[in-house]
Every structure is written in structure tokens, then in C-alpha cells.
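S.K.: Going line by line, the protein sequences match chains A and B. At position 349 of the first sequence the residue is numbered 349 (this note's numbering), and the sequence of numbers has no breaks. At position 341 of the second sequence the residue is numbered 341 (this note's numbering), and the sequence of numbers has no breaks.
Hints are computed from structural coordinates only; laboratory data are not their basis. Hints may contain errors.
Residues on chain A that point at chain B, a partial pick, calculated with CB under 8 Å [to be verified]:
id, residue
1, 7
2, 66
3, 85
4, 94
5, 108
6, 136
7, 239
8, 241
9, 244
10, 246
11, 256
12, 268
13, 270
14, 320
Which stretches of chain B does chain A cover? Using the computed rule of at least three CB atoms under 8 Å from a CB of chain A, they are [to be verified]:
id, segment
15, 244-250
16, 340-354
Non-contacting residues of chain B with respect to chain A, defined by C-beta distances greater than 10 Å in every case (computed) [stated by the list, open to error]:
id, residue
17, 16
18, 23
19, 55
20, 134
21, 145
22, 152
23, 312
24, 315
25, 358
We treat Cβ as the ideally placed atom computed from N, Cα and C, and that holds for glycine.
Below are the chains, spelled out letter by letter.
There are 2 protein chains.
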Amino acid sequence: MDASRAGAQLTVDLGAIRDNYRLLAGMSKGACAAVMKADAYGLGMEQVAPALALEGCRVFFTAHLQEAIALRQLVPEHCVIYVLHGPPPGTAKDFFQYDLTPVLNEPGQLQEWRRLAHKLGRELPAAIQLDTGMSRMGFAPADLSALGDLAGVRPALVMSHLACADEPDHPMNEAQRRRFDSLRGLLPGVPASLANSSGVFLGPGYHYDLLRPGAALYGINPQPGRPTPLRQAVSLHARVVQVRSVCEGDVVGYGAHHVCAGERRIATVSVGYADGWQRSLSGRGQAAVDGVIVPIVGRVSMDSMGLDVTGIDPERVVPGAEVELMGPTLPVDDVAALAGTIGYEVLTRLGSRFHRRYL
Amino acid sequence: MDASRAGAQLTVDLGAIRDNYRLLAGMSKGACAAVMKADAYGLGMEQVAPALALEGCRVFFTAHLQEAIALRQLVPEHCVIYVLHGPPPGTAKDFFQYDLTPVLNEPGQLQEWRRLAHKLGRELPAAIQLDTGMSRMGFAPADLSALGDLAGVRPALVMSHLACADEPDHPMNEAQRRRFDSLRGLLPGVPASLANSSGVFLGPGYHYDLLRPGAALYGINPQPGRPTPLRQAVSLHARVVQVRSVCEGDVVGYGAHHVCAGERRIATVSVGYADGWQRSLSGRGQAAVDGVIVPIVGRVSMDSMGLDVTGIDPERVVPGAEVELMGPTLPVDDVAALAGTIGYEVLTRLGSRFHRRYL
Numbered sequence: 001m002d003a004s005r006a007g008a009q010l011t012v013d014l015g016a017i018r019d020n021y022r023l024l025a026g027m028s029k030g031a032c033a034a035v036m037k038a039d040a041y042g043l044g045m046e047q048v049a050p051a052l053a054l055e056g057c058r059v060f061f062t063a064h065l066q067e068a069i070a071l072r073q074l075v076p077e078h079c080v081i082y083v084l085h086g087p088p089p090g091t092a093k094d095f096f097q098y099d100l101t102p103v104l105n106e107p108g109q110l111q112e113w114r115r116l117a118h119k120l121g122r123e124l125p126a127a128i129q130l131d132t133g134m135s136r137m138g139f140a141p142a143d144l145s146a147l148g149d150l151a152g153v154r155p156a157l158v159m160s161h162l163a164c165a166d167e168p169d170h171p172m173n174e175a176q177r178r179r180f181d182s183l184r185g186l187l188p189g190v191p192a193s194l195a196n197s198s199g200v201f202l203g204p205g206y207h208y209d210l211l212r213p214g215a216a217l218y219g220i221n222p223q224p225g226r227p228t229p230l231r232q233a234v235s236l237h238a239r240v241v242q243v244r245s246v247c248e249g250d251v252v253g254y255g256a257h258h259v260c261a262g263e264r265r266i267a268t269v270s271v272g273y274a275d276g277w278q279r280s281l282s283g284r285g286q287a288a289v290d291g292v293i294v295p296i297v298g299r300v301s302m303d304s305m306g307l308d309v310t311g312i313d314p315e316r317v318v319p320g321a322e323v324e325l326m327g328p329t330l331p332v333d334d335v336a337a338l339a340g341t342i343g344y345e346v347l348t349r350l351g352s353r354f355h356r357r358y359l
Numbered sequence: 001m002d003a004s005r006a007g008a009q010l011t012v013d014l015g016a017i018r019d020n021y022r023l024l025a026g027m028s029k030g031a032c033a034a035v036m037k038a039d040a041y042g043l044g045m046e047q048v049a050p051a052l053a054l055e056g057c058r059v060f061f062t063a064h065l066q067e068a069i070a071l072r073q074l075v076p077e078h079c080v081i082y083v084l085h086g087p088p089p090g091t092a093k094d095f096f097q098y099d100l101t102p103v104l105n106e107p108g109q110l111q112e113w114r115r116l117a118h119k120l121g122r123e124l125p126a127a128i129q130l131d132t133g134m135s136r137m138g139f140a141p142a143d144l145s146a147l148g149d150l151a152g153v154r155p156a157l158v159m160s161h162l163a164c165a166d167e168p169d170h171p172m173n174e175a176q177r178r179r180f181d182s183l184r185g186l187l188p189g190v191p192a193s194l195a196n197s198s199g200v201f202l203g204p205g206y207h208y209d210l211l212r213p214g215a216a217l218y219g220i221n222p223q224p225g226r227p228t229p230l231r232q233a234v235s236l237h238a239r240v241v242q243v244r245s246v247c248e249g250d251v252v253g254y255g256a257h258h259v260c261a262g263e264r265r266i267a268t269v270s271v272g273y274a275d276g277w278q279r280s281l282s283g284r285g286q287a288a289v290d291g292v293i294v295p296i297v298g299r300v301s302m303d304s305m306g307l308d309v310t311g312i313d314p315e316r317v318v319p320g321a322e323v324e325l326m327g328p329t330l331p332v333d334d335v336a337a338l339a340g341t342i343g344y345e346v347l348t349r350l351g352s353r354f355h356r357r358y359l
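Just chain A, with the same shape it has in the complex (with noise of 0.2 Å):
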């Protein structure tokens, strides 16, 4: 989109990216992938996969099968994508099509690929998920007799999901530990993986064969409450539309919530909760003007919200100039602390109205 038309934008570092998956990848003696769901976490995978690769990332992960064929134009051809959602009922042909690796998360997706392989005549591979606790993904109890036959699967990887790695001292870290250890016996001298971001900082007893980070390439931190090692990878920086001054009692915005105190100048930007910039951050969210913080003031509209800029030199925010609404003053952590939820959410919410620059 046309820079001059848009009603933001929203900058990409790459290099940022591409430096977080060597640190990520420096941790461990096995491999590093890089999951790419939700378009690289909403910061476009089209950009995003190809720098991975030419820092060395042969294994990538996404969530959907249309996600995955779309990504197999992106990597070299020897690179493996596993898809973690397994095979819809009736697509394994696309998956052998497109050169796709399923995540097998139940008897039904197993026989489905099994189907396949008899089909055709040849052992295909696959990931199998155990669940280890978390009650989301992976074959449960009830289902681990299904493994006992895989004939014409090759399993390539044994793998299951953390739920708490972003709490170190949580004691389902090691509980679900242990469970892999004790399950993953069923698949002798397969290689393993269970680290998510969050879970390559939990330590080297996690790390098995293959590190599976997201949101950490992406530089949301996988500590909460700790400094991060990892670089900011995208700020967001908004257009103002008109500047006003506001009296004493003047309100401003949806439900005339916001009640001025005194004389004010209040900017209107173009970024509403349809670009992702969520309601949640009514009058309690915040931009920044050359690193100086101003308030959210009203309810953010679908299109627009106002910001306080009183204290900001009136020459500086003017129509057309842009403010930061994420970025060095504004890690995308502390966005999602203001909006009560998780920088993941931020970032996968980021809309399409942007125009996108990648450095």
C-alpha cells in the first residue's frame, strides 16, 4: 500500500528477526525451527520465511494446511514443513502434493496418513504429538495404542507442547517433562522436540533435538518479568488526522466516557481497534512522540482514537505527522500489559490498512 495513503505503518525489521533466531539457535546442540502460523505472528510470513532460511532455518511449522502451501513457495524445497494441526478429514493428498510433513495428533489423522501411504506404495513421514498435559493437541492416553502399528509412517518427530513455560517455577514444566520421557519410549530413536519459546529458557533438559520458538523471533519476550535478550522486530507508527483544542467539560470520543479536566489538545490518529489496536486500550493505552509517552483519552474507535498532546510541541503533531503507537518506546510487551492480554495477541491482530515496510 501507498505510504502516503495509508493510516499507519508498521516497520519489520528483519534483521532483528534473523538475529533472534541465532541467539535462539546458539542455545542448543540440536536444531532451531521457526514457527510461521498466522502469517509469521501477523508480521508476513512472505518476508519473514525466506530470511529465516538464509539464516540457516530448515524446519518450519504452521498451524494450517493453507498456511503450509503457501509457505512451500517461500523456502528451498529441502526445507521441512510441518503443519501442527495434522490433516484434515479427506486432505492428506495435499499434503503428499505439496511436500508437507503432518503433525499426527490422533488415531483418526494417523489412519489418514496411514490411507495415503498404502495408496501409494510408500513410507511417508510424519510428526506424532504426544499430549503431555496440556489437553489441547497430541494423542492422549486413551490413544497411545494407536501407535503401536504405524506401518508405512515414518516417524521423523516426536514432539508435544508445553502450557506453562512462561512461568519457570510452574511445576507442570518438569511434570510434562517427564511425561514426554517416559512417553516418547514408545518411539525409540525418534528425534524429539518440546520447546516452545518460552520453553528454550526453561534450559538445556528441554531442548532435545529441534528448538520450536514463535514469538520469541518475533521479540516478544519469553521471560515475562525478566529483561529479554531478544530485539524489538516491529514498531507501528500512526498518521495524526486533525488536532483540536478541547475546553474544561469538553468529552471526548464514544459514550463520552472521557471528561477533559481543563484546556487540552487532543490528536486524532488513524488506527483503530479494526487495524487490531484493541478497544481494551480505551483510555488506559498509550503512544509516544519521539519518546515521549501521551495517553489514550476516550473510547479507541474502530478507525481512530484520540491521544492527549498537550505536552508536546505543538509543531511536532500536526496532520500528517506520525506518532508511535509501538516500537522503541512501546515494546510490544508493554502494549499488551496496557490492553490486559499477551504480546501474541497484539501481534497476530495487527491489521491489513498498514503500509508494511521490512528492513
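Keeping the supplied structure of chain A fixed, place chain B upon it in accordance with the hints.
M.R.: Same frame as chain A, but now just chain B:
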């Protein structure tokens, strides 16, 4: 997107949207526009705009220039397209090139448009927005003197926006209406517009010459707490990835916050917060199976979430089956209430990973 590969199916009922337009247009003696911003509130401008043009709609509104450029190719040439944010600096020529009409909100935008008119040696049409108390967009009291010289600009519409129209008894409504009547005296004889969706229901005194509904077209109730006369326009059905039995004490989802009180069946469906199914629905949202409500259990993940389907026939909830997230049993306003927000935010956040079907 191929339906079999998608994690969910979004169905948009264009017939319902046309019915809603007809109902709204019939409420006023004047004309009725349609608001198309944010991709027709997330439902797809490419399909919605032509459907409304067929229904007789001749005036459309977008927020951004880029949206209007896309809209220009979707509706007949004689349709008027207004851009609510007005021209960002340097873009007046784009408005002229694509036959778009800016909503002028402040003196700088007026100057921008006047400069182009002068350069072209012709009069250019514009809407003039007056701020009547919302302090968001439109000429503020201090800006009004600039309206004294419109040479080169033909005011085709004078408009303002209501801050509290969804609260019929709020004194702000009448205060804004009076202020609008007073201010539009500056532009005698110019057609006027004040009513958004909720404003239409405040009565004929708010209708003027042009209604501007958005939300109501798409089935959002413009009168919260009262029966809606409008048809639901959208439904969302998610695909089941897998189903598992859990025991007393087992946990579900991130953070291990949901602890099962007894033996339950949990279905994992492939919609999560990256699809706009807000994380605030964790542990409080709902889905429905053939009209029977089932709760979301545990935290909503990025690409999936868990439902407690213990009470549902096991043969109905199997991998590949669909469950309702929004539709006849769960109208958009109910989903919004569970998420702690409004229907506008639910619709405008609908994700891009769905198979979309238009009726």
C-alpha cells in the same frame, strides 16, 4: 480458500444485508448511504458493496483513501464515495483521479482540496464535517472561521457524528443535534447527515437528508438491550481437530488454569485469537452444537481452543465436524458481550484463515 483446508467457515448472508439496507432506508424520507470501512466491517467489501448497489444504494463511506480506491471499482460510476478521514497531506490528486469525495475535517484538509481546485481551474465537491461534541473528527469551534471562504469547493454534504446514539436517553444526543442545527447554518442549503446506525433509531429529527448506517447493515443491534428489527448477516463455524476424554484433575490449555472437576470430553477446534476469536473469551466464551451451548474451557490459544462437549452426542462431535461460534444460536452481540466488547470489534477482527461463503 478451499473449504476442506480451512479451520473454519465464515458465511455472509448478502440477502440479510440487503434486507437490512431496505429496512433502514425505508425509515427515512431522505437517502440512505452504506458505510464500507474496515472491509465492510470485516465481511468483505468486494461482495457487500455490489450487493448494496443492486439494492439501490448510491452513496458509500470509507475511512481511508486506500479503501475508497478499491471500492471505486466495485460500484457503478454514478455512486458517490466519501472518505471520512479526508485527504492526508499530498493525496488530493488521488481523490480527483479516482473520483472520490473527501470529508473535510479541518482547515488543512480544506486548503489541500482548495489548492487542487485552483490548480485544475474547477470546482470540486466535498463533505464538510462539523464536530458537535465528540472531539474526534470535524471542524472544531476554533476552525469554523476557515469555512468562511470555500472558493473552489462545492459543499455537497454537511455532516457530524453522534457519540452516544446507542444510548437513546443520553442528553448528548439532543445536545449534538441542536449544535448541528446551529452550526450547519454556516452552510445554508447544503444537504445534511447526522445519523449513524443507532442514530437512525433516535427518530426522524435525526435523519436529515442522508442516513449513514454501517453496523446495523451487518446485523449488529443498534439499540442494545432492545429487540432488534435487523437480520443476522454472519455466521462462523469452526472445525473440530480432535476430541479427548479427560479425568478429574486434568488441566486444559495454557497456564493450566482450567482444572477438570470430573470426567469430561474436550473438543479442540481450529479457531483461536489469531482468527479474531479474542483471548478475552478464555474460560467464558461459548460455542454451540445444533443449538446446544457448550463452554470454551481454558485459555483461547493462537490457533485453537477447547470446548467442553461432554453433553453432546459423541458421534456428532468428531474430527472434521463443525461447531457454531457465531450464528443463529450465538448472535454477534452475544459473542461481543461474552468477550467484554461490542459487535463492531468482533466483526472487524474476523481473521483471514476462514473459508468464506456468500449467500
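S.K.: Now tell me if each hint is right for this structure.
M.R.: Structure-based check of all given hints:
1. For residue 7/A, the suggested interface contact is upheld, since its CB lies about 6 Å from the closest CB of chain B, less than 8 Å.
2. The beta carbon of residue 66/A is positioned within 8 Å of a beta carbon in chain B (closest approach about 5 Å), and the interface hint is therefore held.
3. The interface hint given for residue 85/A is met, as the beta carbon of that residue sits about 5 Å from the closest beta carbon of chain B, less than 8 Å.
4. Checking residue 94/A against chain B by beta carbon gives a least distance of about 7 Å; that is within 8 Å, so the hint holds.
5. Interface hint at residue 108/A: satisfied, since its Cβ lies 5 Å from the closest Cβ of chain B, which is below the 8 Å cut-off.
6. Given hint, residue 136/A at the interface with chain B, holds; its Cβ is 6 Å from that chain's nearest Cβ, closer than 8 Å.
7. Given the 8 Å rule on beta carbons, the hint for residue 239/A holds: about 6 Å separates it from the nearest Cβ of chain B.
8. With 8 Å as the threshold, the beta carbon of residue 241/A comes within range of chain B, its nearest partner Cβ sitting at about 5 Å, so the hint holds.
9. Below 8 Å, beta-carbon pairs count as interface contacts, and residue 244/A has one with chain B at about 4 Å; its hint therefore holds.
10. Restraint check, residue 246/A versus chain B: the minimum CB separation of about 5 Å is within 8 Å; hint holds.
11. The interface hint given for residue 256/A holds, since its Cβ lies 5 Å from the closest Cβ of chain B, which is under the 8 Å cut-off.
12. At a threshold of 8 Å, the smallest CB-CB gap from residue 268/A to chain B is about 6 Å, leaving the interface hint in force.
13. The interface hint given for residue 270/A holds, since its Cβ lies 5 Å from the closest Cβ of chain B, which is under the 8 Å cut-off.
14. With a least beta-carbon distance of about 4 Å to chain B, the hint placing residue 320/A at the interface is held under the 8 Å criterion.
15. Judged by the Cβ-Cβ criterion of 8 Å, the segment 244-250 of chain B is covered by chain A as claimed, because 4 of its residues qualify and three suffice.
16. Residues of the segment 340-354 of chain B lying with their CB closer than 8 Å to a CB of chain A number 9, which satisfies the three-residue condition for coverage.
17. No Cβ of chain A comes within 10 Å of the Cβ of residue 16/B; the nearest lies about 21 Å off, and the non-interface call holds.
18. Every C-beta of chain A lies more than 10 Å from that of residue 23/B, the closest at about 22 Å, which supports listing it as non-interface.
19. No Cβ of chain A approaches the Cβ of residue 55/B within 10 Å, the least distance being about 23 Å, so the stated non-interface status holds.
20. A beta-carbon of chain A comes within 10 Å of the beta-carbon of residue 134/B; the shortest separation is about 7 Å.
21. The Cβ of residue 145/B lies farther than 10 Å from every Cβ of chain A, with a closest approach of about 14 Å, so its non-interface assignment holds.
22. No beta-carbon of chain A comes within 10 Å of the beta-carbon of residue 152/B; the shortest separation is about 19 Å.
23. For residue 312/B, the shortest C-beta to C-beta distance to chain A comes to about 17 Å, beyond the 10 Å cut-off, and the non-interface label holds.
24. The claim that residue 315/B is not at the interface with chain A holds, since no C-beta of that chain comes within 10 Å of its own (minimum 13 Å).
25. Distance to chain A confirms residue 358/B as a non-interface residue, since its nearest Cβ pair spans about 19 Å, more than 10 Å.
Hint compliance for this structure: hint 20 is the single one not met.
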